[in-house]
Each structure stands twice: as C-alpha cells, then as structure tokens.
Amino acid sequence: GAGVSQSPSNKVTEKGKDVELRCDPISGHTALYWYRQSLGQGLEFLIYFQGNSAPDKSGLPSDRFSAERTGGSVSTLTIQRTQQEDSAVYLCASGSDFAGELFFGEGSRLTVL
Amino acid sequence: GESVGLHLPTLSVQEGDNSIINCAYSNSASDYFIWYKQESGKGPQFIIDIRSNMDKRQGQRVTVLLNKTVKHLSLQIAATQPGDSAVYFCAETVGSNYQLIWGAGTKLIIKP
Chain A
1 GAGVSQSPSN KVTEKGKDVE LRCDPISGHT ALYWYRQSLG QGLEFLIYFQ
51 GNSAPDKSGL PSDRFSAERT GGSVSTLTIQ RTQQEDSAVY LCASGSDFAG
101 ELFFGEGSRL TVL
Chain B
1001 GESVGLHLPT LSVQEGDNSI INCAYSNSAS DYFIWYKQES GKGPQFIIDI
1051 RSNMDKRQGQ RVTVLLNKTV KHLSLQIAAT QPGDSAVYFC AETVGSNYQL
1101 IWGAGTKLII KP
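First to last, the protein sequences are chains A and B. By my numbering, the letter at position 99 of the first sequence is numbered 99, and the numbering carries on one by one without gaps. By my numbering, the letter at position 103 of the second sequence is numbered 1103, and the numbering carries on one by one without gaps.
Bear in mind the hints are in silico, worked out from the structure with no lab data behind them. In this text, a Cβ means the ideal position worked out from N, Cα and C, and glycines have one as well.
So these bits of chain B aren't anywhere near chain A, every CB distance computed over 12 Å:
no.: 1; residue: Leu1011
no.: 2; residue: Gly1016
no.: 3; residue: Asp1017
no.: 4; residue: Ala1029
no.: 5; residue: Ala1079
Covered stretches of chain A, as calculated for chain B (at least 3 residues, CB under 8 Å):
no.: 6; stretch: 44-53
no.: 7; stretch: 101-113
For lysine-lysine, the following DSS-like pairs were computed, each having C-alpha atoms within a straight-line distance of at most 30 Å:
no.: 8; chain 1: A; residue 1: Lys11; chain 2: B; residue 2: Lys1107
no.: 9; chain 1: B; residue 1: Lys1042; chain 2: A; residue 2: Lys17
no.: 10; chain 1: A; residue 1: Lys57; chain 2: B; residue 2: Lys1042
This is chain A alone, in the form it adopts within the complex (with noise of 0.2 Å):
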C-alpha cells in the first residue's frame, strides 16, 4: 500500500533491553512525526524531521531516546534500556510539508515487562 507502514505493530521486551522501532512514510514526503500515546491519552510529540534540516528533538523525554532518519526516508526511532513507563503506542506520521494533513501509521504499540 502507499500509506505510512510501522514495525513491528507489536513489541513485547524485559526492561533494560533495548528496542527499535520502524517508519517507512510516503514516498515522497519530506516531513516525518514521531508521536508518543499512552493508553486513552492524547498525543505526545517526540520528534520532527524535515527534509535535510537538522531534526526538531525537542519532544524526546530523555537520553534513552533517540531517531534518526535515513535518507530522507525510513526512520528509526531507539529506546535504550526500556523502563515500564516506556510502554504506549508509537505513532509515525508523514507529510509532504507542513500543511496540517498529516498521514498516520497504525503505530508500534511497546511494552515493556
């Protein structure tokens, strides 16, 4: 298909291990969220890619955490050393600049035992 594709849809890790998560946007678009939600809650922004510019890490909450973004395209998003409040749904967006129309992933949803 030619929407956004995370994997795995489904993680399940002891705490302290480490863990990966994958976007693959839409061909083509140059903006890429990561986006953290927690059961029943709303959404937490994490990080922002654009382009080739220098990516927004404003939202990740702390040094376990980080992205990167191959290529312009696939991004991977790191979780060192998982603890149990790391457990939510990981959401991936992608959109071709900003212009509000954002295109969601059906998210990697991380727990950690």
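Fit chain B to the known structure of chain A by using the hints.
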C-alpha cells in the same frame, strides 16, 4: 502554557442524530486548526481543517466551525453512523509552524 482542550471527554449520541464535538483553544495567535479521527487500534486520520480567515468549512457529513471571539472550535457530524465511533482530536498551530498542539481527545460513542 498555551494549550488546546476539550469540553467533554466522552460523548454518547444516538445513531442517526447529529454529533457536536467541541474544542477550546487559548492561543489567540493560532491560525490553523485541524480535526483528526482515531479509530481503535489505528493511527489518527485527517478529517477536515480550517484557517482563521474562515468561520465555517464543510466536508462530507462534517462541518467545522471556528469562533475566534471565544476561541472555540467545533466539529459537527451529520447523521452519525456506527463507523463514526472513534476518538476525535483537535489540533492547532500558528502559521506554518510544524508544531501542532493537540487536544486531549473526545471519545464519541454511538448508541444503536
């Protein structure tokens, strides 16, 4: 700080009736507003947007109203259907700022 909020966390509506979901915002500089729908287990989906130079915008079965005087945004859904069951989020931004400010969400429940 500035934030977008919602009046009702949950809204129950009879199938076939019209639904009105409200959103209050506090940043008077915000000039672009968006509504998203999030169904269970899925990512949010764009519904409709409106710029501050407009008071009303209509889509298919949905209408967004903007009242800048009282900083209020609403989403009206006509003839609500079971498929409208979801959480609805409003979001705002200023100019072309990529930082969207998201509301907390309203859960719409459709009664048969």
